[in-house]
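Top to bottom, those sequences are chains F and D.
Quick note: the first sequence, position 55, residue 55 per the working numbering, numbers continuous.
Quick note: the second sequence, position 717, residue 717 per the working numbering, numbers continuous.
Hint data in this document are derived by calculation from the structure and do not stem from the laboratory.
Keep in mind that a hint or two might mislead.
[Said to hold, decoys possible] Stretches of chain D that chain F covers, calculated by requiring three or more beta carbons in the stretch to come under 8 Å of a beta carbon on chain F: (1) 42-49; (2) 227-239; (3) 625-638.
[Claimed, not checked] In silico EDC-like links for lysine to aspartate or glutamate, alpha-carbon gap of 20 Å or less: (4) D:Lys7 / F:Glu155; (5) D:Lys786 / D:Glu769; (6) F:Lys97 / D:Glu769; (7) D:Lys7 / F:Asp157.
Predicted, not measured: the structure shown is a model, and the values here were computed from it.
Heads up, the beta-carbon is just placed ideally off N, CA and C, and yes, glycines get one too.
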Amino acid sequence: MENEVCCVLLSGYATPMAIVPPDVTVLLQQANHGNSHADSQLFKIVQQQLHRMAEKKLAHESPGTTIQATILVDDAFLQLMGAEHSVEINDRNHFYKLAARAMRRILIDRARGRNALKRGGPQGKRADVELDRMSDKSYETDILELHHALKRLAELDNRQAEIVELRHFGGYSVEETARLLGVSTSTIKQDFAAAKAWLFRELRRG
Amino acid sequence: MPSDLWKQIKQALIKAMSLEGQARADFINRLECQSSELAAEVRELIDASEVAEEEQFLGFTAKLGELDDTVVFNHQPPNSTYDTIPPSPEKERKGPSSIPTDSINPSLSVSEDFEINELLGQGGMGVVYKAYQHSLRRHVALKIIPERLMRTPEAVARFQIEAEAAAKLDHPGIVPVYEVGERYGVHYFSMALVEGNNLAAYVDDKDSRLEQRKAAEIIEQVCHAIQYAHDRAVIHRDLKPENILLDLEGRPRLTDFGLAKVLKEDEGLTMTGQVMGTPRYMAPEQATGDQKALSNRTDVYSLGATLYALLAGRAPFGADTLLQTIKQVVESTPPSLTEFAPNVSPDLQTICEKCLQKRPHDRYDSAGEMAADLRRYLDGYPIAARPMGRWKRSYLWCRRNPIVATLLSVTTATLIAATVISSLFAFITNQALHEANTNAQQLREAIKESFVFASEGILTHEPGMQTVRETFLENALQYYSQLALLTPKDRASQQEMADAEFMLGKVQATLGDTPSANASYQSARTALQRLAKQSPDNATLLSKLAKTHTELGSLAQSQLNSLPTKTSEAGNLLLEQWVEELANALRIRQRVDEIQPFQQESQRLLANAYMHLAMAKGERGVSNKRIEEVEEARKLMLQAQEIRQTTIRQLDDEPEIKRDFANGFFNLANLRSQLASLTTHENIGHELLLQSIADAQQAIDVARSLPLTAIDFDAQLELSNYFRLKANIEFQLSLLEDAESSYQRSLDIVEKLSARNSHVFHYRLRMAETYYNLCNLYFFQHHTIKGLQYLRSCRECLVEGIRIDPRQDKAGAELVSFVHAVALALAKSENYQLALEQLDQTIAPLLALIEQSPVEYSKLQIQVKSLQKAAEQIRSLQQESKASPTA
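Turn these sequences into a full structure, and let the hints guide you.
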């Protein structure tokens, strides 16, 4: 599924599609009940929305600006679902998980796009939004390397990888992550600390 | 690496991370013995984690401290917080001391003439000692007001009335008052010392129950004494077996006109609508606080109730809780006397029934008439009273009676509970407490129930409830400190003691005694932590522990708010304490939620825990200018809202949660506007402010959707706060028209509140502040005249507040700062004359107050001085500008 959405973004923000399809909540429901088609459709929508909002927010800012990922996600949720709060809590959790995944994807795509640019992309193209700065403090980390290491971690311990995704890419707090995954906060903290040690070693090994 | 192996490594790694120094080294060495591969991995990863930490790898770092912290609950490692608590020391309570029941109060050396011998008893309004009067060489009973009750002028006044009323009475059936005095601020009076028991002894003790004719004779004599008092316009109002002494010759002697109401001089004290008396012997009109309905017949009712108790061995009414007792008094028919005394004479039964009628007019017209009927019975003549058909009539009447409706309204019920308890303390502290029998247990429950009921806001702002509340709290304080003083063997259980400590803390906090409250809460916390350690899955216990943490947090918060500068070291410490306690509370609430998920009440409390922590973190973030922390606070707040949203959706109509929900939006709006003030980007700030307005609007909408029954004074005040916050932000965004209308709506509400409760200082302050806001708004738009009008309202409102209660320092301080600010602004725009006028118009009424009562308003001198100083400043500016007209 990841491959499907891989290249959506590059064309996505050039020709934005309708931002608020009326059936987003329905899609969310279906996705949460295991409909993978709905899930990938929703994923695209969320990703576009996040990107569009990030771009808009950063449009007038200087390049070094950072945005808190979660503010973006909260607002995306509100804009996509409307403020009427008619979304089931489980669906809502699903949305937040999905959004973290989308943020991860956005950052990876940006990194890839920039690498391609470095290798000689179209001249004069604006260095767009520094989206990969959104994961605030850790922009020193190579996003792509992290992405691959995270995939390897998922094979060892899927939950740990998921926690990193939510905490790091989604920007969710320990408590939020605990709620999303339905485990205790201490588990989140322990798993995240262990995962961090492991990932760091992986990245340093190169 | 296979995932099984990783699981093993991970476990060992987590364990190692939770350890430090030597303990960690030891642990890894032990691993070495198991598997060197495993140990090597753990070593490598620990190193990696330390470097990762330094380099802030992945931004959000779960610090090791945090890890320790959360491990506590599941595993309780040796150094968990539970173990650091020292083993419970025997309490050396420093809280406000209550009257010792077994020793002599040292303050009584007050009068050299009296030598205190022993404590005879104590009641709500005083303590009675046996004393020897040297000058007249006689033993007397000396009654004094405990010092703790001396704080309110009202209590002193009531004491004096009591003494005066009693001193006027000269009747063999009434204990004579010899002397009323005051020495070193201690009020006392001496009475004849009556050796013997009071009638309660004959009610409680089955073996010494009086024979029915004897009981009738005694009550007949009491009736005569009461009639005598009634003839002199004194109603006893607190007649009960305890207040009737039986001297050694067997003659009844009435005492304790403590609640006597001097019919001719009843202004002032009764304004507060206080209800006094012991509910079990109290007439329904007294129970509902209907001052106007009190009459001679109120005492007739109590006489009948006392007779009933002497015959039956129990009061006509008495339920598990006070509120239930009152309800019975007002609505129910007392059990037939024959249930308890099968051989009771039908005549006596009829006489009791006649007295215990709900409607005053159905009782005997006077105590004298009752005495006459008792005499007829004793002499074998037919009595005048006719059987009533077993109270049926009155019961039916009662069902239609407006009193019942009144009772059902929350306010009245609270009022009754609060005041009735005050008079009950006499009874409790005397005997029941030390016996720890079931009776005491019930009372304890009742007191707790009513205290919680009464202290949680409702009573605070109700019209005329301030003095009642104070009296009540003083009594509660006494009760709980006595409970806490009990020796260990008397303690029913550790948990009960923890409860008492908690309640004591709560009363102390409500009375503003922060250090004592802190100490009480801390011992409650210690005890609860110990108990929670024994049964870690006990949700009730954990919930109490969380509550204690929350209270400790809000104590820190209120201390912080009362500091002159929050940025001091002390301020920082309090801020940390505040956050820490609430973080603990949240952690425990989460645990409770895990133990018993989806419970409405624990969901509500969980949401509140999130919200409180969010408020604390928001404050800390703002104070340290750390935008991340404010952002974190915002998220916590959102979580609180989400929980509430879910709960509201599950339940159709839950006003309490809805109110929390509105409050959550309000706090969210606050946080967003704080975020806006911290952010350096104008656009983001602007957007945040817009969102903040939307949040405030949501708060307003939710608050307005509350059902009418849920809208009390507090809810209205909250609504006005929402409008005011909204207005402030609109003002910030230059949405002047919106701001004006929002301020006006906020003002409308507090004006109404304050008009109905002119003595509630809180409302007045809020009103003055809103006037000032509007004044600012108009100045901003250059509507100087309109602005000054509002400044004038603000000034008048605050001056009136100071006049009513000189103790309210805040009014003076605000007045000065508001007027000063406006005067300076006017001076800056060279309107010197106008500026000086403002200052003069403020100084004048303050000086008038000082002149009127220099002692009471002495503090105002400071305010006047600073205003005069400001006036001088402006005058010199004026001179300067005249000197250099070119400037």
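Each hint tested on the structure:
{"no.": "1", "hint": "42-49", "result": "holds (count 5)"}
{"no.": "2", "hint": "227-239", "result": "violated (count 0)"}
{"no.": "3", "hint": "625-638", "result": "holds (count 5)"}
{"no.": "4", "hint": "D:Lys7 / F:Glu155", "result": "holds (12 Å)"}
{"no.": "5", "hint": "D:Lys786 / D:Glu769", "result": "holds (16 Å)"}
{"no.": "6", "hint": "F:Lys97 / D:Glu769", "result": "violated (46 Å)"}
{"no.": "7", "hint": "D:Lys7 / F:Asp157", "result": "holds (8 Å)"}
Checked against the numbered hints above, the structure breaks hints 2 and 6 and satisfies the rest.
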